[in-house]
Each structure stands twice: as C-alpha cells, then as structure tokens.
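Asks: Residue numbers (our numbering), protein chains in the order written: chain S, 1442 to 1673; chain R, -14 to 328.
I should point out that these hints are in silico values taken from the structure, not numbers from a laboratory. We put the CB at the ideal spot given by N, CA and C, even for glycine. Any given hint might turn out to be false.
Below, a list of computed lysine-lysine pairs in the DSS-like style, where the Cα atoms sit at most 25 angstroms apart [unchecked claim]:
1. K291(R) / K1644(S)
2. K230(R) / K1511(S)
3. K32(R) / K120(R)
So these bits of chain S aren't anywhere near chain R, every CB distance computed over 10 angstroms [what the hints assert, rightly or not]:
4. D1457
5. Q1485
6. P1520
7. K1546
8. S1547
9. K1550
10. Q1589
11. S1593
12. H1598
13. T1612
14. T1618
15. R1629
16. V1632
17. Q1643
18. E1648
Derived list of chain S stretches under chain R, where covered just means 3 residues or more per stretch with a C-beta under 8 angstroms from a C-beta of chain R [stated by the list, open to error]:
19. 1521 to 1529
20. 1562 to 1573
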Amino acid sequence: MQFGAHFRNTNICETDRGIMKELLDLSQLIEQGQSQKALTLTQQLVNSGLPSQTILNDGLIAGMAVVGEKMRNGDMYLPEVLQSAGAMKASLAILKPLLALEGTKSRGKILIGTVKGDMHDIGKNLVSIMLQGAGFEIVDIGCNADPQRFVSAIAEHAPEIVGLSAMLTTTMLNMKTTIDAIAGAGLRSKVKIIIGGAPVSQKFADEIGADGYSRDAVLAVDKVKQFMDRTS
Amino acid sequence: MNRRLEQALECERPDRIPFLPAIYEHKAWFIGETPSAVCRDPHLLTKALLAEYERVQPDALTIGIDVYNVEAEAIGCKVIYYEGENTSVPAIAPESVVFRGSEEVVSLKMPDPQKDGRMPLNLEVARNIMKVLGKEIPIRAALSGPFSLAAHLTGLENLFMLVFTRPNLVHELLDFASEVIKRYGQAFIELGCGVVVFDSQSSTELLSPLVYREFVLPRTRELIEYFHQQGVRNVPLIIGGNTTKMLDEYLETGANNVLCDARADVTEFLHKCSAARRAFRRNMDSTDFLTLSSEDIYHRTVDCLKESNGYPGFILGTVILPYGTPMTALDAVRSALQEYKHL
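Isolated chain S, as found in the complex:
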C-alpha cells in the first residue's frame, strides 16, 4: 500500500506523523548517500511493522527520484549518484526478502547489457541503478555480451524491455547485430529495445530498428516507464 493512500482514509495521529517524518528522513539519507544511517532507519521502519512496499516507495524510490531530478538538472554527478545508489542497495537488501513474502510484484523486468566488444559498464550500471531505484527488476548480463547471450537471456528471463549499451563508435555497430539476432530468434515482438551510450543517437536507433533511445540514465527511466505504460 502507498503510504499516502494509507493516510487518506484515516486520521493522522502523532505516531503516523512520526512515521511520515522517518520515511522522509530515509529518502533524504538515500539522496545524501548515507548508507549506514539509511540501513539503520530502514531496519527500524521494518521493525515498526510498516509494510516493506511503503518503505520502498516512500523511502527508497522517493529518494532516488530526487537523485534523478538533480542529475537531470546538473546538480548531481555520477560519484554522488553512486553514493546514493549504494545507500539504496544496502536498504533494498533488507526489504527484498520481505517484499517477496508480501507478494509484491516489480514494475517490470528489464534486461540490460553492453554489446559485444565493449567493456564499458559505467553507463549500463548507472541506468540499472536508476531503474532499480524506480522499482524495476534488473537482469544485468554484463559487458562484452555477444548477440547470442542476449538471445539466451531473453528466452530465460522473459523481460519486457531490453537495454543495449555501447560506448565506442566501433562497437555501436554491434547493436544492430544484436537486434538482428533477437529478431532471428523470433523474440523481437516480445521485447521493446532501448539503446544508449555516448556515440548513439535517436537517428541511429531508428536506423538499426531499436524502439527507443535515451541520452542519459534519467531519461532511460522515463523511456522505460513510457513503454511499460503502453504495454500494461
């Protein structure tokens, strides 16, 4: 249950106000990248009996949403984002088993990898972090992933969306090879494909038959949400 919804039909008592304040504190600790403090507060909120989904949405995801916004505006850079992501991951580790017990479903499954011949992973990792922060489940198949690895992973994990990353002008050409292989395996209609990375563009995405392109990690989350909204 969303915390906001939890309060709409009830009188807000002092205890609830206290919980709201603590969730706000948690989102700020995530934003500030304070892993240890976030972890402690997450555990306290779990112990208080608050649903894990509420802690996830109103604490962790809310914090990462601010991070995304600041990044978009150029007020936050990669090192700071990684600090926030570290804090989110630490807290998420506490919540994950509880979310499973509560039967919480993720917002969608995204398979992501850097294409064949390319060892750069920072962009892919950042997109993964931001997507996780937005509540999506990530299957990361790593760097230098050849087309067959994408095909096998799609068949195994059945993601709704596939993200292809490339940082080199030479390796970006392997995005097309990968998309062709996915089509060749009869899986193209089952997934939306989004590409990203320094040398690629919307024009390139159109040329190679990708469904979408994202210039940065924040926009990648928006693009994924758009596609998920259309498919749901």
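On the provided structure of chain S, position chain R as indicated by the hints.
Replies: Frame of chain S, contents of chain R only:
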C-alpha cells in the same frame, strides 16, 4: 615541415583549417589487420601509421590504437586482446584492477617506459615514424590523463566512491598516475615527439566541476607545465562528451588546445577560447560517416567549417572513426577542407 597545426595551436592563421581525424582502431583497417594484431606488433603499427598518413593526410599523427590501456597495462592491469578476425578494440579487463583501496599506493609498480608492457613497443614505433615522417608532420604520443589512468587502476566506480570515502588516497593515487604519465611522456619527448593528454574519464558528463577542480585540475596543470618545461610548447587536452560546462576548468590546465566534441556548444568554445587565445578542435560526428552519402558529408563538413567563424585557432576533427569507415567519407571531408578556403 607541415606547420599548419602548429600555426593553429598558436592561433596564427594557417593556409587552411587543419584536419585531425581521431583514427585509432581504424588505423588497423588501412592495412587489412585487426586492432589487436596491430597494437601488439611494432612493424604492423608502423605500417598502419604510414598507411594512415598516405591515405588520409592528417595534419599530425598520433601513436597508438588503444590509447588508454598502455600505461595501465604496464602497471599490471590485464588487457583483453581479440584473436582471429575479431575487430573489437582491446580493453582493460574489468576484473584486473590492481588497486582496490586497501593497499598502499606505494605498493603499485612504477613502470619503466623502456621495459614494461607495450610502452617500449610504442616508443619503437615512434622512433620508426620519426625517421620517416618526423620532418614532414608533427608526431605525437597518446598519453592517458591522470584521472583516466587512476580509473583503470582501481575501476571507475570504485574511484568515484573513494573520492568521497578516502579523498586523501585518491590524491595519492592521482599523484602516482601523474608520475607514470610524466615518465612515459618524457621518453617520447626525448625522441622528438609531442604529446597529447587524453582524459575522457574526467568529462563533465561524469564529474562535477567541483570534483574536477579539487582532484584533477591540479595534476593536469602540473603535468602540462612539466611537458612545457621539457620543450613541448603545445599540449592538447582531449576530453570527450559535452564539456561546455567545464571549459573554464580545462582552459585553466594550461593546455593550449582543448576538445569541442560533436555535442558541445561551439559558440561557447569560440567565445572562451578566443578570449583565452587557445585553439580548439571541433569534432564532427563520425557515426554519420557510415550512413551519409559523400555529398552529405561534404556539406556537413562545410557547415562545421563555417562554425569556425574565421577563428584561426579552429581545428577540424572527428569523433573516433569506427573500424572500417569508408575512405569516401574522409575524401569528402578533405575536399571540403580544400575548397572551404576559397568559399
């Protein structure tokens, strides 16, 4: 001697705008080999550089294929090379970082440019090329910038984390990286080569101006000052991405030639570089070279040249050319360069 580039770097008007396409892995294509084969064989790399000069006629040649890997490999990182016909670009294996943050920086091996990794190979190639072309065009060594080298040694994400958790250690690591780069650069300077510092891991797309100013700027400034003292008048600093926001910091490094990548704001570069009397290289988006017709590339080049607005410190470049970029694309750029001076 072709002084076109030197004139542009000094902001004196050359006979035409100099052309510096970013040819690294694509060098291998000129001789029908793979990047992995060429970067490990001094004869092939020499042959590839000579072929590049003959076919493209750039206004300077830069030694190297996988330019960010050489120093890190000499220190102990593992480079993945590809065998057979695989034309992928060699890269540092992510799991082969040599510094995790729990060790002392002094435990890292200071490489000897004459002995370690592929440093001697690149020096041999520089010697070969200097013999043949040293009197015709500038020959430059590709050097990692301190932040990019540190990122290879400890992993980029780890380096970002250490910036916050152990800033003093990052300062030490960057000092070590700077010393490695100085020694490697010095070996090329003794052969009569120039140097180019590449530091794209410190791009403003990754680092804030604040972090750049605290960690990277002092070392880069010191490095460039050191090379100046060794007699290299012009030291370019190449940082990719949209670096418009950090141009002030880059100019403060003392580099007299900075990169205005395809996505950066050329108007801002013109304004600030002309005020500081520095040259800049404007990159064309080389991915277009794979899809556009020669005629379209010609017109796109002319548009790019017009952006120079007559500034004498303007150099035309490209984003790294993909392996196998057709020659017709480069011919179209060269035609536009030749004809533009008459436009």
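Asks: Are the hints correct? Go through all of them and say.
Replies: Against the structure, the hints come out as follows:
With a C-alpha separation of about 24 angstroms, the suggested pairing of K291(R) with K1644(S) holds against the 25 angstroms cut-off. Pair hint K230(R) plus K1511(S) holds up; C-alpha atoms about 16 angstroms apart against a cutoff of 25 angstroms. The suggested pairing of K32(R) with K120(R) holds, with an alpha-carbon distance near 18 angstroms, which does not exceed 25 angstroms. The beta carbon of D1457(S) is kept farther than 10 angstroms from every beta carbon of chain R, the shortest such distance being approximately 35 angstroms.
At roughly 24 angstroms from the closest C-beta of chain R, the C-beta of Q1485(S) stays outside 10 angstroms, upholding its exclusion from the interface. Distance check for P1520(S) against chain R: the nearest CB is about 4 angstroms away, which does not clear 10 angstroms, and the non-interface claim fails. Residue-level check passed: K1546(S) sits 29 angstroms from the nearest beta carbon of chain R, beyond 10 angstroms. No Cβ of chain R comes within 10 angstroms of the Cβ of S1547(S); the nearest lies about 24 angstroms off, and the non-interface call holds.
For K1550(S), the shortest C-beta to C-beta distance to chain R comes to about 24 angstroms, beyond the 10 angstroms cut-off, and the non-interface label holds. In this structure Q1589(S) is separated from chain R by more than 10 angstroms, as the shortest Cβ-Cβ distance comes to about 15 angstroms. Remark: the non-interface label on S1593(S) is consistent with the geometry, its nearest Cβ contact in chain R lying 20 angstroms away (cut-off 10 angstroms). Interface exclusion of H1598(S) from chain R stands, the closest Cβ pair being 22 angstroms apart, more than 10 angstroms.
For T1612(S), the shortest C-beta to C-beta distance to chain R comes to about 7 angstroms, within the 10 angstroms cut-off, and the non-interface label is violated. With a minimum CB-CB distance of about 12 angstroms to chain R, T1618(S) clears the 10 angstroms threshold, and the non-interface call stands. Non-interface status of R1629(S) relative to chain R is upheld: no Cβ of that chain comes within 10 angstroms, the nearest being about 22 angstroms off. Against the 10 angstroms criterion, V1632(S) stays outside the reach of chain R, whose nearest CB is about 24 angstroms from its own CB.
Chain R leaves Q1643(S) outside its interface by the beta-carbon criterion, the shortest separation being 12 angstroms against a cut-off of 10 angstroms. With a least beta-carbon separation of about 6 angstroms from chain R, E1648(S) fails to lie farther than 10 angstroms from that chain, contradicting its non-interface assignment. Check on the region 1521 to 1529 of chain S: 4 of its residues sit with their Cβ under 8 angstroms from a Cβ of chain R, so the three-residue criterion for coverage holds. With a cut-off of 8 angstroms between beta carbons, the region 1562 to 1573 of chain S has 3 residues touching chain R; three or more are needed, and the interface restraint holds.
In summary, the numbered hints that this structure violates are 6, 13, 18.
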